[in-house]
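Novice: This is what each chain is made of:
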Amino acid sequence: MLLKLLFRNAFRHRLRTALTVCGICVAILSFGLLRTVVSAWYAGVDASSATRLVTRNAISLVFPLPLSYKEKIRGVEGVKLVSLGNWFGGIYIEEKNFFANFAVDSKTYLDLYPEFVIPADQKLSFFKERKGCVVGRKLAKRFGWKIGDAIVLRGTIFPGNWEFVLRAIYRGRDKTIDENQFFFHWDYLNETMKKIQPRRADQVGFYMVGMASPDITAETTESIDKLFKNSFAETLTETEKVFQMGFISLSQTILTVIQLVSMVVIVIIMAVAANTMAMSVRERMSEYAVFKTLGFGGGYLAFLILGESMVITALGCGMGILLTYPAADAFARAVGEFFPVFNVAKETIYLDIAASVIIGVVAAVFPIWRAVSVPIASGLGRIG
Amino acid sequence: MAPVIEIKDLTKSYRRGSQSIVVLENLSLDIEESEFLALMGPSGSGKSTLLNLIAGLDKADSGSIRVRGTDISSLSENGLAKWRAENVGFIFQFYNLIPVLTAFENVELPLILTNLSRKERKEHVTTALRLVNLEDRMEHYPRQLSGGQQQRVAIARAVVTDPTILVADEPTGDLDRRSAEEVLGLMEKLSSVIGKTVVMVTHDPRAAKKAGNIKYLEKGVLANAPQASFPECI
Ligand SMILES: Nc1ncnc2c1ncn2[C@@H]1O[C@H](COP(=O)(O)OP(=O)(O)OP(=O)(O)O)[C@@H](O)[C@H]1O
Ligand SMILES: [Mg+2]
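Residue numbers (this note's numbering), protein chains in the order written: chain X, 1 to 384; chain G, 1 to 234.
Don't read these hints as lab results, they were simulated from the structure. Since we're looking at a predicted model, the values are computed, not measured. Hints are not guaranteed to be accurate.
Facing chain G, according to a computed beta carbon distance under 10 angstroms, are these residues of chain X, among others [unchecked claim]:
| hint | residue |
| --- | --- |
| 1 | 76 |
| 2 | 296 |
| 3 | 300 |
Every residue, glycine too, gets a C-beta built ideally from N, C-alpha and C.
Excised from the complex, chain X in its bound form:
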């Protein structure tokens, strides 16, 4: 019966409750989306493996390293596998069709990335085809590519039109894996360059180093960089995670701002919900006084008020969470190129729920304190 009363109280002012529920819903929705944007930004970091290192030119990523480093790096203790690649920067038809494309030493690279799952027969035909390429499932879907299709990329860093044949499509082992990438054989790039610009042949953008064990210390990375100390191309070796972080740190300030905004949204809606509850409770002061007169203690009042507050926030939160998924989908479709991985994480939903519980409690605390502490006689507004 008290439960019934609590629900009826919550819907006493339909408009007020509806507006508050809407507000909470929108707040939870934007909180969820902002969080998802942040985690999409970090997706590359989360997906990075603990056993992979990236070795690049110490001056900057745009400067290459000699191909001869490969064997030297392989000689370092603890190194299991060395692959290499170049950022190709090719454009498919128009610039707005942006996606990441790399020339990589294909066999070693795919060995280093077991999270790219490719059917065995496709993998084999990719290895056999000089101009073969492998693309992520989402990318293939985006341009309607099928196995066997010819794809032409216009080079920006490496001049000319480059022809490829789609031989394999990979899918991510889990949802955090970017399925929007394009890889082809580094040998194809290098041999072509030997013909057209021999000066630029045998140049490597980065080495991917696979370590035998994931406990990588500063010494491990130093032992690689030490090899090339005082050479004409010094190296900088980092874990893949740190390397990815380097990209993110550029936009770190923006991320902080987004995170801050998501917090502010919650605080604002907390104030709105608290205001709604305070208004409702003030109007019903005489009713709560009647409860106290009849012998109901503070616990009952707290239950009624907190319960009402929780009903309202739970409704708003539920709607907000339900809307987060379609909204995130729409968002991903609109800006998919920038966020290769755009999933609503479970953690975000947990955060949503935690935020709503906090909103519900905070909104109820002050009204409860008021209702409990007001003397009965003044609550009744003079008994008579």
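Dock chain G with the ligands against the given chain X, drawing on the hints supplied.
Specialist: Okay, now just chain G with the ligands, sitting in the frame of chain X:
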């Protein structure tokens, strides 16, 4: 037989800023079992204050109030709440029903604090509503009832726990003559037939006449007859 309510040397004052005003001073009063007592007096004389003290809604500065032997001035806040739930039925001037609960649910409310089963509660509520002649309005919400009917629901709510005493502060203050008659008739019946002790504050001499006993409160002092300064009651 000992009186149900024994009030001894009761003093109550309110602080207003730095000064305190004494409302009741060394007031003593006995109320007998099944008595229907009307309290009259000019506005501000402290009638409501006295009633609140008797009902355990407020605490006196000094003196004692014993109800069936229990000194309620010595009870703690929680003890007092529990005591109220078991011993006092309240009737207010503005009925004070809960608007989102039906007549039935309003009457059931005080029974939630008892350990009666749902079925027993239903029986009690039905009996109480039958007593006030509103069995057919059980499912109505307060706004669907007239003032007089609402006050009768309030009476049902006050008696449903079978309390020792009933207190009413101007129960007819907001009613028309006919509804007031009904309500007063009920209260009279409660004391004479069922044997409840009823204390009622009123401004209406006609209402007071229904009561078996009338006391006049003026300047913190109780009297059996109105003083000259209170002519409206003569
Ligand atoms: N909570 C309070 N704080 C301060 N003064 C109060 C308080 N309650 C009552 N008083 C004062 O105590 C005096 C008696 O008030 P009370 O309500 O008992 O009068 P009353 O006889 O019931 O009047 P009425 O007939 O108008 O209802 C008044 O002067 C009032 O101003
Ligand atoms: Mg009064």
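Novice: If a hint holds in the structure, say so; if it doesn't, say that too.
Specialist: Hint check results:
1. 76: The hint is violated - residue 76 of chain X has no Cβ within 10 angstroms of chain G, the shortest such distance being about 75 angstroms.
2. 296: holds (7 angstroms)
3. 300: holds (9 angstroms)
Figure legend: structure checked against the earlier numbered hints; the only hint not met is number 1.
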